[in-house]
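Peer 1: The listed protein sequences derive, respectively, from chains A and B. Number 447 in the working numbering belongs to position 447 of the first sequence; there are no gaps in the numbering. Each number in the working numbering corresponds to the 1-based position in the second sequence with 473 added.
Rather than coming from a laboratory, the hints here were simulated on the basis of the structure. Please note that a few of the clues may not be correct.
From chain B, some residues computed to sit far from chain A (all C-beta separations above 10 Å) [said to hold, decoys possible]:
id : residue
1  : L513
2  : L539
3  : S616
4  : S641
5  : T647
6  : N658
With a Cα cut of at most 25 Å, we get these calculated DMTMM-like pairs of lysine to aspartate or glutamate [to be verified]:
id : chain 1 : residue 1 : chain 2 : residue 2
7  : A       : K224      : A       : E305
8  : B       : K547      : B       : D574
9  : B       : K583      : A       : D247
10 : A       : K441      : A       : D460
11 : A       : K129      : A       : D371
12 : A       : K264      : B       : E617
13 : B       : K519      : A       : D196
14 : B       : K519      : A       : D247
Where is the CB? At the ideal position from N, CA and C, for every residue including glycine.
In case you want the letters, here they are:
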Amino acid sequence: MPVTAIAEPAHQDRHTEGRLLVSMTPAHRRMRCMLHCGLGLVGFAIPCVQCGPRSLHPTEQVLVLRTIFLQYFMFFSVTQSYLGEYTVEGCEIEATFCGVIHLLAQNQFRNLMPCELRFGPGVTVVAGKNGQGKTNLLEAIHWVTQGFSPRTRSFDGAVKWQADEAWIRMEGLGKTGHPVRQGILWRGGAVVTKVDATESRSLVALHGNLHVVMMGPEDIALIKDGPDQRRRWVDLLLSARYTDGLDLLMRYRRTLAQRNRWLKDRRGGTQVSSPADWQAFEALTEQLSTLGATIMVRRSQLLQELSPQVSAYYHDLSSGAEAVELEYLGSVKVEEGDESFVQAKLLRKMTAMRTVELSQGITAAGPHRDDIAVRFALHGASLRESGSQGQCRTAALAMGIVALDVGSGKEVEPPILLLDDIFAELDAYRRNALADLIRAKKCQVFVATPRAEDLPFSADAMLHVEAGIIRSV
Amino acid sequence: MRLPKQNPRFGIQSPEQKLFFHLMPTPPSLDNLIREFSGLPGIGRKSARRIAYHVLGLSLDSVQDLTHAITEAKERVHPCGTCFQFTETNPCPICASPRRDRTRICVVEKSSDIEAFEAGGAYQGLYHVLGGALSPLDGIGPSELRIPELMQRVSQGVAEVILALGSSPEADATVLLIDRMLGANAVRRTRLARGIPVGSDLEFVDEMTMLRAFEGRVSL
Chain A
1 MPVTAIAEPA HQDRHTEGRL LVSMTPAHRR MRCMLHCGLG LVGFAIPCVQ CGPRSLHPTE
61 QVLVLRTIFL QYFMFFSVTQ SYLGEYTVEG CEIEATFCGV IHLLAQNQFR NLMPCELRFG
121 PGVTVVAGKN GQGKTNLLEA IHWVTQGFSP RTRSFDGAVK WQADEAWIRM EGLGKTGHPV
181 RQGILWRGGA VVTKVDATES RSLVALHGNL HVVMMGPEDI ALIKDGPDQR RRWVDLLLSA
241 RYTDGLDLLM RYRRTLAQRN RWLKDRRGGT QVSSPADWQA FEALTEQLST LGATIMVRRS
301 QLLQELSPQV SAYYHDLSSG AEAVELEYLG SVKVEEGDES FVQAKLLRKM TAMRTVELSQ
361 GITAAGPHRD DIAVRFALHG ASLRESGSQG QCRTAALAMG IVALDVGSGK EVEPPILLLD
421 DIFAELDAYR RNALADLIRA KKCQVFVATP RAEDLPFSAD AMLHVEAGII RSV
Chain B
474 MRLPKQNPRF GIQSPEQKLF FHLMPTPPSL DNLIREFSGL PGIGRKSARR IAYHVLGLSL
534 DSVQDLTHAI TEAKERVHPC GTCFQFTETN PCPICASPRR DRTRICVVEK SSDIEAFEAG
594 GAYQGLYHVL GGALSPLDGI GPSELRIPEL MQRVSQGVAE VILALGSSPE ADATVLLIDR
654 MLGANAVRRT RLARGIPVGS DLEFVDEMTM LRAFEGRVSL
């Protein structure tokens with residue numbers, strides 16, 4: 001059945017002169033040829049399209065067969081030559097360049113009954129009463145695409161009681177439009193993962209093909225819990241924003257572990273250190289303060305930049321009632337930009353705290369002890385102490401959405417969103433505002449909710465969960 | 474693009490496989506050999522198994538040659554008294570060579586690193602093997618490294634110390650430590666450049682390498 005693919009550029013900056021084919025790398029030349037003469041390459045042999053001897057304009061309508069639409073889609077995404085959207089009329093495929101999960105099947109996962117589910121690219125609502133298994137379904141998706149779960153540490157805890165074998169598998173399109181097939185098999189305490197045809201014992205192997213983000217009621221910990229939650233949030237953004245961000249954080253963590261070990265071994269002065277040993281300690285201190293100062297300056301800059309964005313989202317979500325701001329609370333005061341100055345200050349502080357460090361056997365100052373203040377812009381009161389449940393939740397959501405933006409900014413596709421009852425505790429205005437924000441992200445969304453009728457989304461597909469049995473409605 | 478064939482029985486062990494494991498217990502001595510091999514660096518359980526079966530297929534003479542080669546290397550090779558690289562003579566050929574530039578010392582973590590430098594042939598100075606990098610987590614402090622020996626060599630009229638350590642945090646700490654211990658010594662301290670490999674296309678350089686290359690750019 002011939003259908004029409006309408007290509008509309010969403011990211012105009014990706015094109016030169018509004019044309020679809022811009023680059024002159026061999027891959028693009030091949031595609032041009034394929035579009036023009038229709039002879040194409042092996043594996044991409046497609047019938048001629050109405051393009052003629054010219055480049056394809058993004059707004060032109062191209063007749064393609066449904067079976068070959070996917071090939072077009074994959075080719076464009078693999079070569080990254082076109083980052084717009086495709087709409088295939090008549091079969092209601094709205095394919096963007098975010099990953100898509102087409103199929104999920106599982107057996108003996110938590111309370112769920114064995115099932116094989118097919119999903120469309122839009123909004124899938126998972127409805128059901130409390131304790132029926134809505135979150136479990138989202139968690140299964142998270143496990144099989146990311147290799148971990150926000151709820152439990154090991155897969156053992158996610159297997160049905162007294163089951164001796166459990167598995168989850170999924171099929172979909174990954175970041176670059178490649179087909180992705182992944183699975184987890186658990187048998188008697190051992191986990192085997194499978195990505196395409198490659199088997200492995202490591203859950204980490206599952207990570208990286210699809211970008212999936214889960215937002216749920218526990219996100220409020222970002223505001224309510226200790227500073228480690230907020231540090232994790234800012235570090236996530238740091239590693240997304242800076243090329244060497246993750247490397248920097250890993251180096252800091254490793255050096256911190258080395259220095260802490262040194263301190264622990266000589267705790268309470270049990271071991272008289274040689275001069276060379278002291279020099280080793282000072283070398284570690286210098287290294288740690290250099291890495292630490294870089295992290296602190298970058299975190300501080302990042303927060304200065306993102307604070308208005310968080311505030312803007314908060315504003316949108318809360319009908320403009322109040323504004324919030326974020327500020328970095330460092331071990332030492334971080335002035336703008338000057339890393340060597342911050343490093344000198346951090347080094348002084350670490351030297352001043354040496355006695356404490358030696359008696360406690362732990363590094364007492366540095367970015368691993370810092371916090372982020374989230375407070376009302378108007379009167380400077382901390383949300384953690386004086387914000388209501390709804391306000392804290394709104395702020396956590398605003399921070400979460402900013403994290404999505406920063407993550408997507410680095411030429412990563414928008415993520416697949418798993419929203420676990422995040423509309424609870426929000427009033428009608430905030431619910432609608434949040435729904436609008438998520439709609440604007442144009443990605444595949446799974447929403448779990450106990451009250452589907454209150455949902456501000458128009459669902460593209462609806463699943464009903466009852467006692468672990470999932471039915472599509 | 475051809476999609477991989479769907480396997481409906483994903484992850485489920487076939488009855489044949491189960492049967493196979495029951496019927497084929499590995500003989501204890503073979504199992505022991507496999508365990509020994511899998512203890513070697515870079516060799517996993519499967520490679521170890523393959524090597525072990527290969528060894529079983531060899532003639533007794535070949536096996537004895539192999540064991541002889543191992544014991545002979547172990548008996549005859551020892552660290553050089555000056556630079557601590559593995560050698561059969563003392564001092565090693567590099568330290569003994571009259572053509573070598575004795576005013577430069579290239580500091581490396583382990584003996585095998587030297588081979589890479591020597592293969593290039595660009596460096597004509599001497600070496601010093603530290604025997605690791607500073608890592609309290611692994612119990613390696615300054616006394617476990619051959620730093621005092623290096624200090625002694627530097628004090629005997631060396632013009633340049635080239636710190637050719639890796640890029641791990643531990644290597645960085647070791648560089649800082651050596652720099653500190655050299656203290657007021659006027660010796661020139663350098664480290665190797667990091668960046669884009671020669672002859673590689675800029676298109677294919679990963680982003681971290683590119684970043685380092687930019688940080689380490691030199692003026693014309």
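Peer 1: The structure should be examined with respect to each hint, and the outcome stated for every one.
Peer 2: Now the hints, each set against the structure:
1. L513: holds (20 Å)
2. L539: holds (31 Å)
3. S616: Violated, because the least Cβ-Cβ distance between B:S616 and chain A comes to about 7 Å, which does not exceed 10 Å.
4. S641: Non-interface label on B:S641 violated, nearest chain A Cβ at 8 Å vs cutoff 10 Å.
5. T647: At roughly 8 Å from the nearest Cβ of chain A, B:T647 sits no farther out than 10 Å, so the non-interface label is violated.
6. N658: Holds: least Cβ distance 14 Å, greater than 10 Å.
7. A:K224 - A:E305: holds (23 Å)
8. B:K547 - B:D574: violated (30 Å)
9. B:K583 - A:D247: holds (24 Å)
10. A:K441 - A:D460: Holds: A:K441 and A:D460 sit about 16 Å apart, inside 25 Å.
11. A:K129 - A:D371: Since the Cα atoms of A:K129 and A:D371 sit roughly 38 Å apart, the hinted pair is violated (cutoff 25 Å).
12. A:K264 - B:E617: Satisfied, since the Cα-Cα distance of roughly 18 Å is no more than 25 Å.
13. B:K519 - A:D196: holds (21 Å)
14. B:K519 - A:D247: violated (32 Å)
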